[in-house]
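Chains as they are written, first to last, in the numbering used here: chain A, 2 to 321; chain B, 10 to 92.
If you are wondering where the hints come from, they were derived from the structure by calculation, not from laboratory data. Computed from a predicted structure; not experimentally measured. Every residue gets a Cβ at the ideal spot worked out from N, C-alpha and C, and that includes glycine. It is possible that part of the hints are untrue.
[To be verified] Capping the alpha-carbon separation at 16 angstroms, the derived lysine to aspartate or glutamate pairs in EDC-like fashion look like this: (1) K256/A - E21/B; (2) K222/A - D60/B; (3) K261/A - D60/B; (4) K10/A - D57/A.
[Claimed, not checked] Only some residues are given here: those of chain A computed to face chain B with a beta carbon under 7 angstroms: (5) G213; (6) L214; (7) L217; (8) R218; (9) L221; (10) K222; (11) L253; (12) S257; (13) R260; (14) K261.
[What the hints assert, rightly or not] If you anchor each label on the Cβ, the simulated ranges turn out as follows: (15) N119/A - E20/B: 50 to 60 angstroms; (16) P28/B - L47/A: 50 to 60 angstroms; (17) K268/A - P33/B: 35 to 45 angstroms.
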Amino acid sequence: MKLFGKIRKISYYLPGPPLSIDSNSNNRYYASQDEIGSDLAFKAVLKLFNEYPEIDKLDIDFLIVSTLVLDYNSPTTASVLHHKLGLSSTCGTIDLPQGCSGFLYSLSVAEAMISAGNARNVLILLGEVPTKAIHSEDTVLRSIFGDAGAAIVVSENNTKAIGKFTFATFGNGFDFLKVERGGGRNPIDKAWLNKYSDQVNQLPFGRIEMNGLEVLRFALKEIPGFLEQTLVKNGLTISEIDFFIFHQASALILKSLQRKCNIPEHKFISNFEEVGNTVSCSIPIALETAAALGNFKKGDKIVLLGFGIGFSCIGTVIEW
Amino acid sequence: MEIDDFIKAIEEEFDNLNPGDVSPNSVFRDMEGWSSMHALIFVALIDSKYDVLLNGEELKSCVTINDLFDITCLKLNGGAAKA
Numbered sequence: 002m003k004l005f006g007k008i009r010k011i012s013y014y015l016p017g018p019p020l021s022i023d024s025n026s027n028n029r030y031y032a033s034q035d036e037i038g039s040d041l042a043f044k045a046v047l048k049l050f051n052e053y054p055e056i057d058k059l060d061i062d063f064l065i066v067s068t069l070v071l072d073y074n075s076p077t078t079a080s081v082l083h084h085k086l087g088l089s090s091t092c093g094t095i096d097l098p099q100g101c102s103g104f105l106y107s108l109s110v111a112e113a114m115i116s117a118g119n120a121r122n123v124l125i126l127l128g129e130v131p132t133k134a135i136h137s138e139d140t141v142l143r144s145i146f147g148d149a150g151a152a153i154v155v156s157e158n159n160t161k162a163i164g165k166f167t168f169a170t171f172g173n174g175f176d177f178l179k180v181e182r183g184g185g186r187n188p189i190d191k192a193w194l195n196k197y198s199d200q201v202n203q204l205p206f207g208r209i210e211m212n213g214l215e216v217l218r219f220a221l222k223e224i225p226g227f228l229e230q231t232l233v234k235n236g237l238t239i240s241e242i243d244f245f246i247f248h249q250a251s252a253l254i255l256k257s258l259q260r261k262c263n264i265p266e267h268k269f270i271s272n273f274e275e276v277g278n279t280v281s282c283s284i285p286i287a288l289e290t291a292a293a294l295g296n297f298k299k300g301d302k303i304v305l306l307g308f309g310i311g312f313s314c315i316g317t318v319i320e321w
Numbered sequence: 010m011e012i013d014d015f016i017k018a019i020e021e022e023f024d025n026l027n028p029g030d031v032s033p034n035s036v037f038r039d040m041e042g043w044s045s046m047h048a049l050i051f052v053a054l055i056d057s058k059y060d061v062l063l064n065g066e067e068l069k070s071c072v073t074i075n076d077l078f079d080i081t082c083l084k085l086n087g088g089a090a091k092a
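With the rest of the complex left out, here is chain A:
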């Protein structure tokens, strides 16, 4: 019998209450001072187990974690969350910190693990606190990003529900969107902390630096063709797709891509106003929000397309 993966359940956690950032009803959520990504992921998965008691945590045989603020450089944050959750000792664990593409990269690994017969239930945990790495004067970044956690269970299924994945990397763009001083290349030192002594916690996880023009140019130049490649790889045309969920990068990028890709507005799902860009959490939150509103019917074909830091792109088509 052939094995396939299917997104079984999604829960997400937004550290409330929401704060209104402008007069256009744009809300953002902010983690508390002592919370990091895995804390939000942990709250999301507790919510998932509470909402769906039929999911037994001991049946999880693989855990994938994506967060840009790891608990430790090593061991993996997946190991830490494995312990906190009391998962089975036969459960495999990996970190896949791929930024805004993190959910779909994790989904591609989950689908591959299940299809190969190496796992039956894969738990994907996502937790992001980008607002802790934004300088108070970076008003554009402040208007874009928000914090969130998400938990997704992918389980085996008799029919194919997750399509083929397309991948692309434009490594020459790595410098246009990065967390400066976030790693070993140029570690945080005393001079850095002194420089940002006026900031809450002195930007201890580094500072997000973005060249907005180059990020926009990357999205406009590469994503329309990448969408086409994803459709072709799955043997579909744009008119056969019921809904499109792109990474919620920014209001301008979403609006521009919708136009450029000729996607009808009613098929283009966005919740950027409500939660902002929550990095790896953005696609599952948009997916679950639309599902909870009853927007999807069984058999709907939904394009999921992630892109961001790296620059990286990943796309697939799921069947609801």
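Given the structure of chain A, go ahead and fit chain B onto it with the hints provided.
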């Protein structure tokens, strides 16, 4: 491609602009509330309407709406390196 269409598209794109607010000689960085985000909106608009993707240097070289129009026409007609 006519500059009147170009200006009309700009006036429609920005909520705070009304028909007649923009002329070919308008200095776009003098627009009310100008910020770096407005520059990105111009780039996105020109890309979606004319399939021309301006880069930072090209944007920096423009002062007026007419400059933006000219460089867009130039690239549209293959007169400059493609983005």
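| said: To test your reading of the hints: which numbers does this structure violate? | reply: none
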